[in-house]
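2 protein chains.
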Amino acid sequence: MKIAVDAMGGDYAPAEIVKGIELARDAYPDIEFLLYGQEEKVQPLLQDSTRIKLMPAPEVIAMEDEPVRAVRRKKNSSIVLAATAVREGEADAFFSAGNTGAVLAAGLLIVGRIKGIDRPGLTTTLPVLQKPDQSSFVMLDVGANADTKPFNVVQYAIMGQYYAQSVMHVENPRVGLLNNGTEADKGDKNHRAIHEALSAMDEINFVGNVESRELLNGAADVVVTDGFTGNATLKAIEGTALSMLKLIKGEIMSGGLGGKIGASMLKPVFRNVQSAMDYSQYGGAVLLGLKAPVVKTHGSTKAPTVKNTIGQIHELIASKSADQLVTYFAEHGEQMSALKESLK
Amino acid sequence: MKIAVDAMGGDYAPAEIVKGIELARDAYPDIEFLLYGQEEKVQPLLQDSTRIKLMPAPEVIAMEDEPVRAVRRKKNSSIVLAATAVREGEADAFFSAGNTGAVLAAGLLIVGRIKGIDRPGLTTTLPVLQKPDQSSFVMLDVGANADTKPFNVVQYAIMGQYYAQSVMHVENPRVGLLNNGTEADKGDKNHRAIHEALSAMDEINFVGNVESRELLNGAADVVVTDGFTGNATLKAIEGTALSMLKLIKGEIMSGGLGGKIGASMLKPVFRNVQSAMDYSQYGGAVLLGLKAPVVKTHGSTKAPTVKNTIGQIHELIASKSADQLVTYFAEHGEQMSALKESLK
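Just so you know, the sequences run in chain order A and B. So the first sequence is residues 1 to 344, counted in the numbering used here. So the second sequence is residues 1 to 344, counted in the numbering used here.
Just so you know, the hints here were simulated from the structure itself, not pulled from any lab data. Accuracy of the hints is not assured; some may be wrong.
[What the hints assert, rightly or not] With a cut-off of at most 30 Å between alpha-carbon atoms, the simulated DSSO-like pairs for lysine-lysine come out as follows:
| no. | chain 1 | residue 1 | chain 2 | residue 2 |
| --- | --- | --- | --- | --- |
| 1 | B | K291 | B | K340 |
| 2 | A | K340 | B | K189 |
| 3 | A | K249 | B | K340 |
| 4 | B | K149 | A | K189 |
| 5 | A | K2 | A | K267 |
| 6 | A | K246 | B | K340 |
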């Protein structure tokens, strides 16, 4: 399999991206990499070019560039060229740590949607804490769309289910709808309509509404929501986890306990906690609903996360989940049209 | 001042409510209480009836009752009678730890909206962690309305500003709009319209968009949002804080560090953290936009929180913030009509 990589995206690019790709190359002997970036910057960083082909991309889309315009104008940027390689069948997936909006735009405009899917959904894996039989869950959409229709959320359930099955290996994933209460009649009329539609679909193991308070406790394997609420919920979880960790560290140190225990003894505790909360171990956010995997990691990504994310993309390609979605939506065209009509 | 209290609402009612009201009575010599509840249950719990008048309410609205129907049918319930006392001018505020929906419905249908305010907003105070000059912020709406219009959110900014000034004593509160990015053009068209409207209002110290990741860091003093997103964000913060605390406790104990430090030495650390995160110290959630304060605490409320919440209501009544809002909206009727029209 071949993965097209944006070497220029992210706070530590290209150095950490190149380093991570070399780690991934050593870990996955069946992957070849097309590494898109400015030749003069990337070439000197590449220690061993085995299965890594440097693809010159003179332009760079910066973090602050307006996404859609940048994708339209910077035809020779690493993001545009890597996405184009996927569209042309020269690569099986596209990976970037760069400008999120530009990666989403390149995915949508260049790689392209699966026929029958109205809106792709950005999908993140988050940890489940202290539940013996579940270590993580996925949530979508966490921000590809700010203006989501009920029909889109119903499609997210199907996409999320395929993802949980093929990448997380959950046999019969429980799908929950993020809502402001667990009862079936909660939320506005859109949420009640989504609830009804999901309840009626035999192919979905729908467990009903879930509240954001219960997500880290493992309320579902797949949580579907509109992109605006999903984005706010994801960022609230991130922000609270970071603040709590800082607060507790501060309390232990300032209370004099830190001195007594010894900073070196506390380190493993906080390392374990940080690692439990660190969802970069699951890879990046996947833009589900495209013809091929498009995966985006945090801008702060360093080499180990690049390697983890390539592992996740390896699973995505090997499981052929994009092809399975193509088949599903091709076979369910009529059902989807009827559903869309009924949810208008 | 007089406060009408629902003695029957909450998991530990009536015992903890009565106990808390006695604590508050001792702390605030200028408050008289009208205590609504089932006489045979409440009377034996009341140790000293100084400034506490037991008001018989034979019916009880249960946690699982359908709110609007219960408020309409159970005319002799503690919630309905207490709210009615406020409407009739016999009390200055209404307090309950009972069925949230029923308290909101009683506030809306019995106490009534301030003229000119379309939708009241449920307002919660949350902690700001480790920022020297800010200990808390307020957020509204956190769930009174699942279906919020842009005009409502603009009104929340005015209501939240008055609340922060009069109850939290923040002179010129920074008002932020919860959005999926900080740039002015973020969000859907509704959020862009709200952003534009708030930017144009001289009376609001609008600091622009804030992301849920930065709330506990003190991104604003007043955070306004639609009730659905606000609810999801609040519950995500709560859930993550609880999970993190459990996780870190578990790590310290299971790593053997707990034994070394001694559970007794760790207790103050976790007590401080829990108290930093415990927003019941700030009182309950206030349904802002009504003619008089209506305040709701968690169902799990015990006596100390009841006392804190009465303190908060004391501030609310003393500051006359409801009257100030009445005046503001009476004086700005034309401006509000024009704003509403422009946000349609």
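Outcome of the hint check:
Taking the CA atoms of B:K291 and B:K340, the gap is near 21 Å; set against the 30 Å cutoff, the hint holds. Among the hinted pairs, A:K340 with B:K189 is consistent with the structure: their alpha-carbon atoms are about 22 Å apart, no more than 30 Å. Simply put, A:K249 and B:K340 have alpha-carbon atoms about 48 Å apart, too far for the 30 Å limit, and the pair is violated. Distance check on the hinted pair: B:K149 and A:K189 sit about 14 Å apart at the alpha-carbon level, within 30 Å; holds.
Among the hinted pairs, A:K2 with A:K267 is inconsistent with the structure: their alpha-carbon atoms are about 39 Å apart, more than 30 Å. With a C-alpha separation of about 43 Å, the suggested pair A:K246 and B:K340 falls outside the 30 Å cut-off, and the hint is violated.
Hint compliance for this structure: hints 3, 5 and 6 are broken, all remaining hints hold.
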